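A.B. asks: Based on the sequences and whatever the hints tell you, model everything.
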Amino acid sequence: MVKADYAPHTMTGDDVALTRLDAIVDFVRKQAVNWPRKFSLWPMPFATACCGIELMATGASRYDIARFGAEAMRFSPRQCDLMIVAGRVAIKMMPVLQRIYQQMTEPKWVISMGACASSGGVFDTYAVVQGVDQFMPVDVYVPGCPPRPETLLEGVMAIQRIVEQDGIRTSVQRGRGLRMVVQPKVQIGTTIREETTTR
Amino acid sequence: MNSTTDVTQVSAALDERFGAGKYRLESLVTYARGVAGDQKYVRVPPAELLEVMRFLRDDPRCLFEQLCDLTGVDYLKFPKARDRYGVNYSLLSLTHNRRLWVKCLVNDPDPAVPSVTGIWQGADWLEREVYDLFGVRFEGHPDLRRIMTWEGFGSYPLRKDYPLRGKGERENYPVVTRESA
Chain A
1 MVKADYAPHT
11 MTGDDVALTR
21 LDAIVDFVRK
31 QAVNWPRKFS
41 LWPMPFATAC
51 CGIELMATGA
61 SRYDIARFGA
71 EAMRFSPRQC
81 DLMIVAGRVA
91 IKMMPVLQRI
101 YQQMTEPKWV
111 ISMGACASSG
121 GVFDTYAVVQ
131 GVDQFMPVDV
141 YVPGCPPRPE
151 TLLEGVMAIQ
161 RIVEQDGIRT
171 SVQRGRGLRM
181 VVQPKVQIGT
191 TIREETTTR
Chain B
1 MNSTTDVTQV
11 SAALDERFGA
21 GKYRLESLVT
31 YARGVAGDQK
41 YVRVPPAELL
51 EVMRFLRDDP
61 RCLFEQLCDL
71 TGVDYLKFPK
81 ARDRYGVNYS
91 LLSLTHNRRL
101 WVKCLVNDPD
111 PAVPSVTGIW
121 QGADWLEREV
131 YDLFGVRFEG
141 HPDLRRIMTW
151 EGFGSYPLRK
161 DYPLRGKGER
171 ENYPVVTRES
181 A
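Protein chains in written order, with the working numbering: chain A, 1 to 199; chain B, 1 to 181.
If you are wondering where the hints come from, they were derived from the structure by calculation, not from laboratory data.
Keep in mind it's a predicted model, so treat the numbers as computed, not measured.
Treat each hint with caution, since some may be false.
[To be verified] Once the Cα atoms are required to be at most 30 Å apart in a straight line, the calculated DSS-like pairs of lysine-lysine come out as: (1) A:K92 - A:K30; (2) B:K80 - B:K160; (3) B:K103 - B:K80; (4) A:K92 - B:K160; (5) B:K22 - B:K80; (6) A:K92 - B:K22.
[Stated by the list, open to error] Pairwise CB distance ranges, derived in the manner of DEER restraints: (7) A:V122 - B:R146: 23 to 33 Å; (8) B:F78 - A:A66: 38 to 48 Å; (9) A:F39 - B:R159: 47 to 57 Å; (10) A:E154 - B:T177: 24 to 34 Å; (11) B:K167 - A:E164: 38 to 48 Å; (12) B:T177 - A:A127: 16 to 26 Å; (13) B:E16 - A:V96: 50 to 60 Å; (14) A:D26 - B:T177: 19 to 29 Å.
Built from N, CA and C at the ideal position, the CB exists for glycine as well.
C.D. replies: This is the structure we're talking about:
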């Protein structure tokens, strides 16, 4: 059993800045920057399995991801800001996935689509990554095997809600609230085998 | 029995070259009620493999010009099995329209089979695959590296005693964080 090492986040001097200007900046940012941005997502389809078929269906006319402004799928990570990991990721593929994520332009978000990308799914073997979030950040997990296009659209809408809040500092970050942020200190993925089996 | 599986000529050629009864052709499968299938295989020890293979390719009665497939088997806990590993060669004669399987059995420690890349060039990647997944070494192979798993994987995952979830090979990847990307 690994004890999770939780510690309260200590506030630094920069965090304690309380002005009305702060709130105005947040408002402008939300309405003028994030609102247009959330309707202009450029997905990078990393489709490796049957989830990719559903992803294509989502992009096609019936479900029409263009209604959410995310229809421009580019196959170059340099032109994308939303990665959709659709399908199982083999261990050998993981460095490729990480490289593509690193090549994407900031700000960027990741959808882990389906059971395999999120947890390995039925492929609980030595060859398949048991959830891509072990090795790279993920914003939204879309359940299903494979998820229906409606589910993926819900995932895109969840990304839109995240985008809307992007760069907006919470009251805790601005110095209000309880001044307590619980942050896990365990680094995921770097643990050795013995620890992971007993966890 | 059709022409594809009629290997009586091959049997005769093997008897003539290597002595009668040394390499007997046996049925690859046995159906219900003991009916023997008409596809045949021949079992060859590793020491004589290259000689037999070259003969099977070049003899005018055999002429197995094509190596269709090359696979490995782990017979651990297999009923009545005496040897641990098997390397199976699937041969096809385009001239005679015939097929023949060749089985070569090897054991721990250090299972090794001579490479047939000198006879069929296409065996290159197939032997690398068997080496990668079963750990059977192919002596004389020009470039015996892993082909499916990555360099430094260390185990042979299709062996029967290899755990399904691996031996922790997947645990030590660098983690990309939001800050580092």
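A.B. asks: Could you check the structure against the hints above and give me the numbers of any it violates, in ascending order?
C.D. replies: When the structure is compared with the hints, numbers 1, 6, 8 turn out to be violated.
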